[in-house]
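One line per chain: the protein sequences are L and G, in this order. Here the working numbering is used: the first residue of the first sequence is 1, the next is one more, and so on. Here the working numbering is used: the first residue of the second sequence is 1001, the next is one more, and so on.
Don't read these hints as lab results, they were simulated from the structure. These numbers were taken from a predicted model, which means no experiment stands behind them. Even glycine gets a Cβ: it sits at the ideal position worked out from N, Cα and C. Heads up, some of the hints might be wrong.
[Stated by the list, open to error] Cβ-to-Cβ under 10 Å is the rule here; a few derived chain L residues that face chain G:
{"hint": "1", "residue": "Leu4"}
{"hint": "2", "residue": "Trp32"}
{"hint": "3", "residue": "Val44"}
{"hint": "4", "residue": "Phe88"}
{"hint": "5", "residue": "Phe100"}
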Amino acid sequence: GQQLNQSPQSMFIQEGEDVSMNCTSSSIFNTWLWYKQDPGEGPVLLIALYKAGELTSNGRLTAQFGITRKDSFLNISASIPSDVGIYFCAGRRGNEKLTFGTGTRLTIIP
Amino acid sequence: NAGVTQTPKFQVLKTGQSMTLQCAQDMNHEYMSWYRQDPGMGLRLIHYSVGAGITDQGEVPNGYNVSRSTTEDFPLRLLSAAPSQTSVYFCASSSLTSLPGELFFGEGSRLTVL
Chain L
1 GQQLNQSPQS
11 MFIQEGEDVS
21 MNCTSSSIFN
31 TWLWYKQDPG
41 EGPVLLIALY
51 KAGELTSNGR
61 LTAQFGITRK
71 DSFLNISASI
81 PSDVGIYFCA
91 GRRGNEKLTF
101 GTGTRLTIIP
Chain G
1001 NAGVTQTPKF
1011 QVLKTGQSMT
1021 LQCAQDMNHE
1031 YMSWYRQDPG
1041 MGLRLIHYSV
1051 GAGITDQGEV
1061 PNGYNVSRST
1071 TEDFPLRLLS
1081 AAPSQTSVYF
1091 CASSSLTSLP
1101 GELFFGEGSR
1111 LTVL
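Extracted from the complex, chain L is given alone in its bound form (with noise of 0.2 Å):
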């Protein structure tokens, strides 16, 4: 099956900072979405988009639709400690199923 590519695989940083993470595909697809999973806990939706170059922020966090519609970003402004955990993306095209990114691990050095 299709896998979608998510970078870095896993994050060292410190409170305070900004984070970027990003996910990549070789298709196209017209829905692409964010989740977050705390340890130990199912995922949760952060942010969803459904148009090319859509940006759209949740709080501190910033998601972008690539304009090549094959790819999507994630961004963190000033990092606590409840940002920990695995962040997935997700893409879908058309009405087929999600496809789930391989996530990046995030975690925040005291």
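On the provided structure of chain L, position chain G as indicated by the hints.
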């Protein structure tokens, strides 16, 4: 609000044993699905259902069976467990009125097959 409830949270099986992972949702969602999460692989769809009496295969269905006799419940059965099925399993649901692509996940069931 219970949302999506999975049981058990942890399970250890021996190769060849069978078991059922339970999933129940109280949101009257039409769509329910099972994913497995493995390191470096993200979430992969096992089976899904768009309503009671309707099920279909996802990306990695081999070794798993499902049924959907009610809107609320969507159990996942392993008939003869194998070590390759060691994973964390997530049940997820959504509604026709949910945002496109939005899934509501349970807390997960960690399965180890020895």
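So which of those numbered hints doesn't the model satisfy? Violated hints: none at all, because every hint is consistent with the structure.
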